[in-house]
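Student: If you want the building blocks of each chain, they are given just below.
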Amino acid sequence: MKAFNDMRGALLNTEMKQPRYKALYWAMFVFLLFYAVVISLFPVVWILIAGFKDPQELYQIPATLFPKEFDITKLFEVWNQLKIYKYYFNTAYMSIGSVVLCLLCSGLAGYALSKIRPMGTKLVNNIVFWLMLIPGTMSTVPLYMTFKEFPIFGFSMMDTYWPIWLMGAASPFNIILFRSYFNGISNEIVEAAKIDGLSSIGIFRHIILPMGQPIFLVVGLFTFMSSFGNFFWPYLLISDENKIVLAVQLYKLKSTTFTQDYQMLAVLYSVLPLIILYAIFQDKIISGINIGGVKG
Amino acid sequence: MDLKLQAKTKGSKGFVKLIKKNLVGWLLLLPALLCMYFFILRPMIIGTYLSFFDMKGYTPTDFIGLENYKRIFNDSMFMKNLINTFKYVLWSIVIGFFLPVIFSLMLNEMAHMRATLRFLIYLPAVLPAASVSLLWYFVYHPSAGGLLNMLIANFGMEPYVWLQDSKHTIMYIIISMTWCGAGSTVLYYYATLQGINREIYEAAVIDGAGFFRRILTVSLPNISGIVLLFFVRQIIGVFSVMEQPMMMTDGGPNGASMTLGLQIYKYAFRYYKPQFAMALGCILFLILLIITCFYYVLDKKIDKMNG
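Those sequence lines, one after another, are chains A and B.
The opening residue of the first sequence carries number 1 in my numbering; numbering runs sequentially from there.
The opening residue of the second sequence carries number 1 in my numbering; numbering runs sequentially from there.
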């Protein structure tokens, strides 16, 4: 019962001696645990278990929760037959490109808006804020036309990852995140570096990058994770068989002859990298929520 | 004389510095600004402009005024899809709005296994929407092997068609979306709740306030701002929903889970009528704009209430 010393909510440690508050606490605990394990976790585990069944076993009545045998080689079979490695590579390539461009463009823009503040900064700040409110659904067709034939230059971005990379680079939300984080870095350090003769780019490299490491890591992680599951635009723009990404292939699997158990393990493969990433970086991701949650 | 010269050169040096600062600043802003112009602002303007044109393929032909809009309003699907979209929003409020508030309040009290609970509750939120849709497609699978059918078989019930039951398809899709989205909302609320100074609770206890009274008078007012923000974000997000019904049901059965967003997609890439897609996009945007305006009015009121 030592843990009750670490209460952080509306219930006080001292109250936990009263039976009715104790009962209330444990009721809430059981409820949350049920949700976390049964609702949140179980569907993901189930897809793994069910994926090991034979197709006949999947449809048999009465259905069983566990397959007759766990044949671990089935995972490799799916990996090879569905060419998961190829889609992993393509998806990683697309996602890492997004991350690099996003950190570079949005990071530099956030730095300029926070520390250099050229003429018109206020105007740009306002524009960035308002752009955040435009829903993407409305621009589907004009964007498609832009990618098909880029204005002025007239080249096509079909069958490349550039549309996804460039759209990731232009995220108003990330610019705002960078700007507000850099606002927390003291101006005196920047001024001192200027007097020492560092250029604006030098300040970015030697002061902003190291001091802003947490925000770069957080924005990078979130960009990678959202880009990894990117479905709609890759689906519309990429028809080259060698460039198709995982989420698109998952959707296409639904209308192929691959049996349901294979599709289930493919779903598992599509979530596995993100779960691993989340398990490794969970503290960073949670702290990212704290940064992003600051309203206004 | 010397002094004057010095002042002059200093002045011009300052001028050079000012120019340099602006030049460098704008140079660093340029990539992001260009991207935002070409991929956010310009498409919106072009989309609005072309919604008044007739098109052949992707080239505009004649200016036809509001003809596209008239055609959309006369399309019998429009009203049905609009109502469907509102049903999505309604279900997402019923299912997805209160749960995160309750969960975050509970999580805030936990002294045991806090990190584990947090990890598991947020877990679905890191999964890609496409995978979640497919995962739930299997959970809802109408065969005996679907997860839910396996569960109800334990109670002696026959397999049920779930997503194919046109009366409840929207609710089932919203459940899968809530499963994925609730985790992150819970953690945002939780982060705000953790910021409340515990002395306020202690003072409330001295005033004789029980647990629920403390929640009502201290916790809820403190998160009301962010709850409102997420409420509006959720409405806007669900209102333009497209991917999830596309992956799970393709708008079916028989159009029962169609949304305006999916109709935009279908106009553009299945029926090859991009002008309708753009006009419908403008209608969607207008509706969302009205919702956003509501938000600003409400937010100001709540700010005033909290002093």
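Bear in mind the hints are in silico, worked out from the structure with no lab data behind them.
Predicted model, so just to flag it, every value in this text is computed and none were measured.
For every residue, glycine included, the Cβ atom is placed at its ideal position computed from N, Cα and C.
It is possible that part of the hints are untrue.
[Said to hold, decoys possible] Listed next, the stretches of chain B that the computed footprint assigns to chain A, with coverage defined by at least 3 CB atoms under 8 Å from CB atoms of chain A:
#1 38 to 50
#2 70 to 77
#3 88 to 98
#4 120 to 126
#5 165 to 174
Student: It remains to establish, for every hint, whether it holds in the given structure.
Tutor: Going down the list of hints, with the structure as the test:
A count of 10 residues in the region 38 to 50 of chain B with a Cβ less than 8 Å from any Cβ of chain A is obtained; the coverage claim is therefore met, three being the minimum. Proximity of the region 70 to 77 of chain B to chain A, defined as three or more residues with a beta carbon under 8 Å from a beta carbon of that chain, is not established by the 0 residues found. Counting residues of the region 88 to 98 of chain B whose beta carbon lies closer than 8 Å to any beta carbon of chain A gives 0, which falls short of the minimum of three for the stated coverage. For the region 120 to 126 of chain B, the stated coverage by chain A holds: 6 residues have a C-beta nearer than 8 Å to a C-beta of that chain, and at least 3 were required.
Only residues whose beta carbon comes within less than 8 Å of a beta carbon in chain A count, and the region 165 to 174 of chain B has 0; fewer than three means the coverage is violated.
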